[in-house]
Amino acid sequence: MLVTETVLHLGPELERAVNRMDFFRLFKSLAGSHGFSYFGLTEILADDQGINLQHVHALHNLPHAWFDDPKQQVIEADDPVFVYLQQSSAPCVIDMNENHSAVLTAGGSRSVAIVPLHAATGKRHGLIMVGEARELEHQALALLALDAALIFQRYFEVILSLDSISGLSDREIQIVRWTSEGKTSAEIAIILGLSEHTVNSYIAAVLRKLHVVNRAQMVASAIRSGLIT
Amino acid sequence: MSSEQSDNQIRILLVDDDPAEHILLKRKLKSAEDSSIDLDYVSDIGSAVDVVKAGGIDMIFLDNRLVPNNDFRETAPQLRGAGFIGPIGIISSDISGRYFEQFRDFGVDFKIGKDEIDGTVINFIIKEYTQDQLSETCSEDYM
Chain R
1 MLVTETVLHL
11 GPELERAVNR
21 MDFFRLFKSL
31 AGSHGFSYFG
41 LTEILADDQG
51 INLQHVHALH
61 NLPHAWFDDP
71 KQQVIEADDP
81 VFVYLQQSSA
91 PCVIDMNENH
101 SAVLTAGGSR
111 SVAIVPLHAA
121 TGKRHGLIMV
131 GEARELEHQA
141 LALLALDAAL
151 IFQRYFEVIL
161 SLDSISGLSD
171 REIQIVRWTS
181 EGKTSAEIAI
191 ILGLSEHTVN
201 SYIAAVLRKL
211 HVVNRAQMVA
221 SAIRSGLIT
Chain F
1 MSSEQSDNQI
11 RILLVDDDPA
21 EHILLKRKLK
31 SAEDSSIDLD
41 YVSDIGSAVD
51 VVKAGGIDMI
61 FLDNRLVPNN
71 DFRETAPQLR
81 GAGFIGPIGI
91 ISSDISGRYF
101 EQFRDFGVDF
111 KIGKDEIDGT
121 VINFIIKEYT
131 QDQLSETCSE
141 DYM
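As given, the protein sequences belong to chains R and F, one line each in that order. Residue 219 in the working numbering is what sits at position 219 of the first sequence, and the numbering runs on without skipping anything. Residue 63 in the working numbering is what sits at position 63 of the second sequence, and the numbering runs on without skipping anything.
Treat the hints as calculated values from the structure; they're not laboratory data. All C-beta atoms in this analysis are idealised placements derived from N, C-alpha and C, irrespective of residue type, glycine included. Heads up, some of the hints might be wrong.
[What the hints assert, rightly or not] Output of the computed footprint for chain R on chain F, the stretches with three or more beta carbons under 8 Å from beta carbons of chain R:
# : stretch
1 : 40-54
2 : 69-81
3 : 124-135
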């Protein structure tokens, strides 16, 4: 049984998670606490697309060298892990000696824990945890799936749900306003004392919320909807 | 930061008053898949500001408590004040303090415990914080 006070992903860090880095840490901690070295989380899209670990909301620490094309980072649609995620909503552990996976077996993995996850919006996601040969007893697998669901729910609340929320935060409005003044991301970063990465993260979130694709559209949409004047 | 830069050498500045952390981080960087990382090291925030002003640093790993300063709330804004707009990550042996919840308000991009850092974490940080988040249609040229 895990002692909650000693496991990072079950302690206060879960409530304090605010960005993708924090969730990377939480899922990595979850995998490590159950003896797995690697994990991958991503949305499960169309039947023929496989598991795309380059998806905008994907998180993983699988070595790039495992993939035929490290820039694509896809586990193909005929892979047993993807096939399982397509067919089941229950967690399981697959023995890779009996199920060949082009990516995971090639990486030397002996077993894969698969946890299908569903966002409140209905979108399907899959969490895989990869490691050496090991068996998870029923109770341990249930605990792993519960912990995964708790972290994923927080990930949904903090990151994924932004795609379907129309309102902008104060910081986002501030950045749209500076963009409307013609400031670049680098200039806004200096003005607000942030990194350019953080400014671009806010802009990317606003683009998704307003369903637009560039800065000019973003500013026009924000003006039209009264978010800025 | 452009995608071109991510294909090239990345220069990280470690700011930590314990020189042993420099050696430890160098070892961990060797275990990362991305070998194109140069690690610079200084032990105090004044020197860090000087290095930042000289230019060329892509990312900073900042120890939370630098003697004689207090915590990142005092030091990170100095780096921003010096015009640094790259990612700043706070590294600490203890990130349980409630004040860590406000790290973004002080210009910090991420926080991580020193014992959590390994090769896969470094790979993730490099990828997450050096790749373009916006598509080409969202570049400033399109304004």
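Against the structure, the hints come out as follows:
no.	hint	result
1	40-54	violated (count 0)
2	69-81	holds (count 3)
3	124-135	holds (count 8)
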